[in-house]
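Student: Same order as they appear, the protein sequences are chains A and B.
Residues in the first sequence are numbered from 95 upward in steps of one, following this note's numbering.
Residues in the second sequence are numbered from 95 upward in steps of one, following this note's numbering.
Since the hints were made in silico from the structure, they are not lab data.
We put the CB at the ideal spot given by N, CA and C, even for glycine.
Worth double-checking, as some hints may not be accurate.
Partner residues are not named here, just some residues of chain B that face chain A (Cβ under 8 Å, in silico) [what the hints assert, rightly or not]:
# : residue
1 : Arg214
2 : Ile217
3 : Asn345
4 : Gly435
5 : Gln490
6 : Lys507
Partial list, derived from the structure: chain A residues whose beta carbon lies under 10 Å from chain B [claimed, not checked]:
# : residue
7 : Ile210
8 : Lys294
9 : Ser401
If you want the building blocks of each chain, they are given just below.
There are 2 protein chains.
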Amino acid sequence: MSTQHTATTASEVVQKATLAKHAAPPLALATTEQKNSALHAMADALIKETASIIAANAEDLRQGKENGTSSSLLDRIALNEQRIAGIAQGLREVALLPDPIGDQLAEFTRPNGLHIRKVRVPIGVIGIIYEARPNVTVDAAALCLKTGNAVVLRGGSAALHSNKRIVEVLHEALRDTELPADALQLVIDPSRASVDEMLKLNGLLDVLIPRGGHSLIQNVVRNATVPVIETGAGICHTYIDETAQYEMALNIALNAKVQRPSVCNSMETLLVHEAFAERHLAQLAEAFGASGVELRGSASARLLVPSMKEAADEDWDTEYNDYILNIRVVSSLDEAMAHIGAHGTKHSECIVTENQENAARFLETIDAAAVYHNASTRFTDGFEFGFGAEIGISTQKLHARGPMGLPELTSSKYLISGSGQIRG
Amino acid sequence: MSTQHTATTASEVVQKATLAKHAAPPLALATTEQKNSALHAMADALIKETASIIAANAEDLRQGKENGTSSSLLDRIALNEQRIAGIAQGLREVALLPDPIGDQLAEFTRPNGLHIRKVRVPIGVIGIIYEARPNVTVDAAALCLKTGNAVVLRGGSAALHSNKRIVEVLHEALRDTELPADALQLVIDPSRASVDEMLKLNGLLDVLIPRGGHSLIQNVVRNATVPVIETGAGICHTYIDETAQYEMALNIALNAKVQRPSVCNSMETLLVHEAFAERHLAQLAEAFGASGVELRGSASARLLVPSMKEAADEDWDTEYNDYILNIRVVSSLDEAMAHIGAHGTKHSECIVTENQENAARFLETIDAAAVYHNASTRFTDGFEFGFGAEIGISTQKLHARGPMGLPELTSSKYLISGSGQIRG
């Protein structure tokens, strides 16, 4: 009674989180077949409702243009038949993934005869705070549903009409399944207050996952009292050691910078051993220049390539997500590792070397979610790791670190079977 | 430079956390042998300095008496030769446990040839905020050191002299080892401000683990922006089903309540199926009464045992940690599970039944860290589970759930070895 009363007089956020919380226990008991069948029903519904979703999306785009939204953001928001088909296909791919719920993580029998099992269970209710792209709405809903978690989505206002229509369509689809449709909630309130409220919703939300830019994530990390899985920020380095092969080093460094500069696993700073730099820095700089990358060098780098702009102190701590690269020449592996320790964000770090001892020391010493030897940092990704899904890349050390797939959206519980054991 | 400057002008908390942060990387690389040898050196030092530790403890006890501290609290603070020997023995037992650091959690090769390993690594710097008992100081230091984590301890002011002397002794011992002594820090400032400061120390502390009573834990959970592992609060239920054997049910329920009422895994509410209650509730009530337990009953329970006091609404949500027990008679397993869903704290819950189907449904449905069939909830404990250690019992769903042993004090990282792979 009291909960219902609260729900009808409370804010939208509390109302919807309460509905999600009540839907979480029955969803947690859903079978894999029920969940997969719901995912296919959701995909079917998105395809069937393509026209109405595109119409809602057009309203977002119209308002965005009126408000002077950048064309790159509008492009990320824009939906068309092909993109919606891709999103629906994503739902079917999640249905194909193994269901982690119920997996047995440990089993043992104690000397007193207690039989103890540790099994995977859903987390409960997951809050996701994200920015513009409406595909995140479907993606997050699918990954949470597959792992038996209720979800409260709070997307960016720039895609509000699209998100509303998408969630209506998904709700309609869920109502024809055996799963509780209330397990999927979208917060409509576009104000900052609705985010602030979610951050403090202990007891209703079990975890918050922010997805978006630095300021969104930092707002959540700094202000949430609900447990947070921090994702995203990446000041990633590639260190080219003395013995690196030039072609390999060039390819890896270029790939890490220019293959997709806007993402968190791209490189922001290139560290080059002085012996390698003397031989190759000019060539490297030329190759980056030809790819449209602005270079900012340390004093040591500019001795070799004076045409480089000088890097300012704050550049070493900046996530450009753009065609800009810092270059520093170092005199040793230790100097490179110290630089990474001081300026890295513990996301993805790479050494290119033919010296196996140096490679081993780098892998062991560097404190990051993903540490590479002779491969591009761009591989830090749930799909590239073979997880078949990704809810984000955790840059914190608790619960999950690195690309998060379905198992990272689960918790566990101990099941203990006895025959009357009591503690002495 | 700037960090050192900060450290010398900053508060005690920031200074010590900074020292711990700088000590964390070398500690993370320490070998198992180095860590075990340090644990033995710490144990030896505690034994050797028994007299000076007892003298410092006497000062805490003297001040406690002056301040009117309760005798039960003074007893928890008090150290003598035997208790110190026990604490030192605890260090040697931690040395005997397997070292989880470096354990390989996964290994796979991708179609593109990337070889990916997931290995256990330390978390970094752990902050522990706790109350009176000085044994926690040594215990937490040992578990953190064994897992390669630096630690910032902030114990209760009632044991401040004891804790200071203990940490001095441990520091002296560490200085003769190959480990960085700065990895162990004790915050001396007894003010609330030092706790408040720790709660917001993102960037210096990787995780906070509060250990203590409800208000200490809630203060940390509600106000910390550093990730928290919530421990402790336990409103645990035992449900006696229709088909339970009387003797087994009585033994399990009595054990769950009276074997040690002050701890979080003891029972606060007994739920009894009406058919069982009609046959046995009077006997049960008598047995609890004989053990000095005050009973507070639902209306349905008081129909059968009118001598019981009536339970108030808030009693069902109260963690007594005392010789008080709520009793409610229910008409079905579902009613029992609904009660647990509404009033439990997701710690430890038990069903006593001979009906295997009901047992399976209870184990599957109840959302708690530990769910028991025919055994006392008092077994929720790292030592009883065979972990050989316990830093606390997590009642949250992220990172760790239930008793936390050494692996729960670790994180992981991915190590990726390639031969020049780049992303297409």
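Student: Under the criterion of a CB-CB separation shorter than 10 Å, is Lys294 of chain A in contact with chain B as hinted?
Tutor: holds (8 Å)
Student: Should the interface hint for Lys507 of chain B be scored as holding, given a Cβ-Cβ cut-off of 8 Å against chain A?
Tutor: At about 6 Å, which falls below the 8 Å cut-off, the nearest Cβ of chain A leaves the hint on Lys507 of chain B intact, so it holds.
Student: Classify the hint on Gly435 of chain B as holds or violated, based on whether any CB of chain A lies nearer than 8 Å to its CB.
Tutor: It holds, given that the least Cβ distance between Gly435 of chain B and chain A is near 7 Å, below 8 Å.
Student: With 8 Å as the cut and Cβ atoms as the points, is Arg214 of chain B at the interface with chain A?
Tutor: Violated, about 11 Å.
Student: Holds or violated: is the Cβ of Gln490 of chain B closer than 8 Å to a Cβ in chain A?
Tutor: holds (6 Å)
Student: Can the hint on Asn345 of chain B be confirmed by a CB-to-CB distance to chain A that is less than 8 Å?
Tutor: holds (5 Å)
Student: Ser401 of chain A was flagged as interface toward chain B. Is the shortest Cβ-Cβ separation under 10 Å?
Tutor: violated (26 Å)
Student: Identify whether the interface hint at Ile210 of chain A stands, where standing means a beta carbon of chain B within less than 10 Å of its own.
Tutor: holds (6 Å)
Student: Does Ile217 of chain B meet its interface restraint, that is, does its C-beta lie within less than 8 Å of any C-beta in chain A?
Tutor: holds (5 Å)
In the structure shown, a violation is registered for the earlier hints numbered 1, 9, in ascending order.
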